[in-house]
Amino acid sequence: MTTGYQIKNRAGAFYFTFTVVDWVDVFTRKKYRDIILESLTYCRKRKGLLVWGYVIMSNHMHCILSATNLKLPEILHDFKSHTAKAILEAIQDPGESRQDWMLKRFEFAARKNVRNSQHQFWMHRNRAIELISPGFIKQKLNYIHQNPVKAGWVEKPEDWLYSSARNYCYQWSLIEIDMLDIGL
Numbered sequence: 001m002t003t004g005y006q007i008k009n010r011a012g013a014f015y016f017t018f019t020v021v022d023w024v025d026v027f028t029r030k031k032y033r034d035i036i037l038e039s040l041t042y043c044r045k046r047k048g049l050l051v052w053g054y055v056i057m058s059n060h061m062h063c064i065l066s067a068t069n070l071k072l073p074e075i076l077h078d079f080k081s082h083t084a085k086a087i088l089e090a091i092q093d094p095g096e097s098r099q100d101w102m103l104k105r106f107e108f109a110a111r112k113n114v115r116n117s118q119h120q121f122w123m124h125r126n127r128a129i130e131l132i133s134p135g136f137i138k139q140k141l142n143y144i145h146q147n148p149v150k151a152g153w154v155e156k157p158e159d160w161l162y163s164s165a166r167n168y169c170y171q172w173s174l175i176e177i178d179m180l181d182i183g184l
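With the numbering used here as the guide, the letters of the sequence shown map in order to residues 1 to 184.
Calculated directly from the structure, the hints in this document are not laboratory data. Keep in mind it's a predicted model, so treat the numbers as computed, not measured. Built from N, CA and C at the ideal position, the CB exists for glycine as well. Heads up, none of these hints are tricks.
In silico lysine to aspartate or glutamate, EDC-like type, Cα no more than 16 Å apart, as pairs:
id	residue 1	residue 2
1	Lys30	Asp93
2	Lys31	Glu89
3	Lys47	Asp78
4	Lys138	Asp178
5	Lys31	Asp93
6	Lys47	Glu176
7	Lys45	Asp78
8	Lys8	Glu130
9	Lys71	Glu130
10	Lys85	Glu38
11	Lys47	Glu74
12	Lys8	Glu74
13	Lys30	Glu96
14	Lys104	Glu89
15	Lys80	Asp34
16	Lys30	Glu89
17	Lys31	Glu96
18	Lys104	Asp22
19	Lys45	Asp178
Pairwise CB distance ranges (calculated):
id	residue 1	residue 2	range
20	Ser133	Glu38	29 to 35 Å
21	Pro134	Asp93	39 to 45 Å
22	Ile132	Thr68	16 to 22 Å
23	Ile132	Phe108	36 to 42 Å
24	Phe108	Asn69	35 to 41 Å
25	Gly135	Asn59	26 to 32 Å
26	Lys47	Arg127	19 to 25 Å
27	Ile175	Glu96	22 to 28 Å
28	Glu96	Lys47	25 to 31 Å
29	Asp93	Arg10	35 to 41 Å
30	Arg10	Gly152	37 to 43 Å
31	Asn69	Arg127	18 to 24 Å
32	Lys112	Gln171	37 to 43 Å
33	Glu96	Leu70	37 to 43 Å
Please work from the sequences and hints to get the whole structure.
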């Protein structure tokens, strides 16, 4: 059974959830969330990634993505590989109080899969859900933006800085995205 992306329509937009192994709460620290944002921005500017919506939670992220060059699977591979390496490197910086615990979790996860080297950061299994109608896109975008509200972190979706909800409310945001025009 394959665990890779099942992206058959390379011109389509897809909903993804990327999850940290063992649901480790890595993204409670700003520096790790910022690595994700920097990588999204890089992939958007340099690789043809279209970011239609996103939210970064404590141990996973949801996003709606597509690619201008029909290379979405390749871009996602690069994104996940780069962010895993950068975050694992940042975890090893002095001052991370959870360093030993997190690295042991990632090392243990790596032993379960021959595709890994010393550490595994992201879970391998990802479901690519193609968004084929405006209603389905609205539903997934709303779900993404409501995550921090449901977690009890904010009262309104646009109050969470690490989400595209701010973009859709025309507020200052941490990164630019590609806005959907589906009558939100």
